[in-house]
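K.L.:
So the chains spell out like this:
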Amino acid sequence: MINARKAIVRAAVVYATLIVAGLMGSAPASAHKLKVFASAVGDQIQGGAYFAGGGKAGGASILIQDGGGRTLAELQPDANGRFTYFATEPGDHLVVAKAPDGHQATWRISAAELAPAFPTQADDETTRGQGRVSPGLEGRQPSQEAVGAASAAAQQTGHAAPSPQLPAAIELAVARQIRPLREQLAAAQDRARLTDILGGIGYIIGIMGLALWWKSRRAPRDTP
Amino acid sequence: MAHIPDGVLSAPVLIAGATVGLGLVGTALRRLDYDRLPQAAVLSATFFVASLINVPLGPSSAHLLLNGLMGLLLGWTAVPALLVALILQAVFFGFGGLVVLGVNTLNLALPALLCALLLGPRLSPRSTPSQAFRTGLMAGVLGVLLTGTMVAISLGLSGEAYVPAAKILIAVYLPLAIAEGLITATVVAFLSRVAPETLAGETQGRAAP
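Sequences listed follow chains A and B, in order. By this note's numbering, the letter at position 20 of the first sequence is numbered 1014, and the numbering carries on one by one without gaps. By this note's numbering, the letter at position 7 of the second sequence is numbered 18, and the numbering carries on one by one without gaps.
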C-alpha cells in the first residue's frame, strides 16, 4: 500500500516535471497578451499581430478604423500575422487586432505618419501619383528610383529650388529603413521585465504584511 | 484566456461582473482566515508569475491558472489572493484590463470557491497522499474547465460573434485542464506527505474560531 502510494507520487512528480519542462522549453518567459504593430510606409499601413514575447497571431482578424471609429476595412492576416492596408485618405487610423478568444489590441497611426503619401498641394498631381505608386508593389527598387528621379530633378532645376518630390521620397526611404527598428522596439517593451516580476511579488508580500499587522493591532481586543 | 482585456465585453456584463465581484470580495474579507495569509501570499505570487509561462495552443496561448489549487488550499481567502494578483498583472504586465477586473476576478474566483466547497471537505490532515492526489486532480481540472466556461459565457453575453469562438475556446483548454489537474494533484499529494496540517479543508477552517 505504502509502496503503491509512493509509486503514484513518484509518477506524479515525473509527470509534473515533464509538463513544467515542456512549458518552459516551448515558450521561455513569453507573455500572454495579443499585440499589434503597424507603421505607415508611403500610403501603405503594414503591420503584424503577435502574442507578446513569442507566437504569431495568424488567427486574429484586423480592423482598420478611422479617427472617428468608423471601420474602413476588415483584413485577415497571413499565417505569420502580417497584413497590409492601402490607405485612401490621410488622417488618423486605428488598427484593431482581435483574436477569436476575446483578446484585443490596438495601434494608432497618426495623420502625420501618412502625410508624406498625401501631399496637400492639389496642383501637383504628378508628385501625388509618383508618391503613391513608388512605395508599393515592386518592393525596394522604386524608392531608390524615386530618390534618383527626385535628385535628378533637383539637379535639373538647380540648387536653389529642390524638387517637391525629394522630401516625400526621403520620408518614404527613412520610414522603410526604421520600420524593423520600431517593430523590434515595440516587441522589446512587451517582454515582462524582472523588475516588474519582483515588484509584483514585493507588493503581494507587502499586502500580506499589512493585513497581518492590522490583525495584530486588533488581536488584544479580540482575545481576552 | 482568463485575462479578458478592456474594450471587449459589453457594459452590462462589466457592471454585473464588478457588482458580483465586489460582493464576493466583501464576503471573502469578512471570512478571511488570517492564519492562512502567508499561504495565500505564496499562492498569489505563484499565480502572478505562472501567467508569464505560456504554451501556444491553437489560435491562442495558454498558461496555468492554479485557481483550483488556490480554492482547495485557501477556501474563501483565495478570492482576495486572486484579486491582488490580477490587479498586479494588469498593472505590471498589461494582462487584462482594470475595467474588466470584476469579471476576471469572478471568472477565476467562483471556480476556486466551488472547488473549495465541493472538494475541500474531501481533504483533511489525515488524507493519504493518493486521496490527496485524486482530489487535487479533480480540483485542477474543475478549476480550468469552469473558468473556461465562464470566460466563454462572458464573451457570449457580450456579442453573438463570440459564441462559436467560445466553443473553440473550451475545446482548446481541455489539454490545459489535464496538465493543470496533474500539477495540482502533485502539489496536494506532496503537501499531504510533508505538511498535512496545511490541508485543513474549508469546513475545518471555519469551525476553528
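Just so you know, the hints here were simulated from the structure itself, not pulled from any lab data. Be aware that a few hints might be false.
[Unchecked claim] Here's a subset of chain A near chain B, in silico, CB distances under 10 Å, partners left out:
(1) Gly1049
(2) Tyr1079
(3) Phe1080
(4) Leu1160
(5) Ile1195
[To be verified] In silico negatives: residues of chain B with every beta carbon more than 12 Å from chain A:
(6) Val19
(7) Ala22
(8) Leu33
(9) Val53
(10) Pro91
(11) Ser135
(12) Leu185
(13) Ala206
Ideal Cβ placement from N, Cα and C applies to all residues, glycine included.
K.L.:
Against this structure, judge whether each hint is valid.
P.N.:
Against the structure, the hints come out as follows:
1. Restraint check, A:Gly1049 versus chain B: the minimum CB separation of about 4 Å is within 10 Å; hint holds.
2. Taking 10 Å as the C-beta cut-off, the interface hint given for A:Tyr1079 is violated, the closest approach to chain B being about 21 Å.
3. Because the smallest distance between the Cβ of A:Phe1080 and any Cβ of chain B comes to about 26 Å, over 10 Å, the interface hint for this residue is violated.
4. With its C-beta approaching chain B no nearer than about 41 Å, A:Leu1160 sits outside the 10 Å limit, and its interface hint is violated.
5. At about 5 Å, the closest approach between the beta carbon of A:Ile1195 and any beta carbon in chain B falls short of 10 Å, and the interface hint on this residue holds.
6. The beta carbon of B:Val19 is not kept farther than 12 Å from every beta carbon of chain A, the shortest such distance being approximately 5 Å.
7. No beta-carbon of chain A comes within 12 Å of the beta-carbon of B:Ala22; the shortest separation is about 16 Å.
8. For B:Leu33, the shortest C-beta to C-beta distance to chain A comes to about 18 Å, beyond the 12 Å cut-off, and the non-interface label holds.
9. The Cβ of B:Val53 sits about 9 Å from the closest Cβ of chain A, inside the 12 Å cut-off, so the non-interface label is violated.
10. At the 12 Å boundary, the C-beta of B:Pro91 falls inside the reach of chain A, the nearest C-beta of that chain being 9 Å off.
11. For B:Ser135, the non-interface assignment is confirmed: its Cβ lies about 16 Å from the closest Cβ of chain A, beyond the 12 Å cut-off.
12. At the 12 Å boundary, the C-beta of B:Leu185 stays outside the reach of chain A, the nearest C-beta of that chain being 14 Å off.
13. Every CB of chain A lies more than 12 Å from the CB of B:Ala206, the least distance being 14 Å, so the non-interface label holds.
In this structure, the earlier hints numbered 2, 3, 4, 6, 9, 10 are contradicted, and the remaining ones agree with it.
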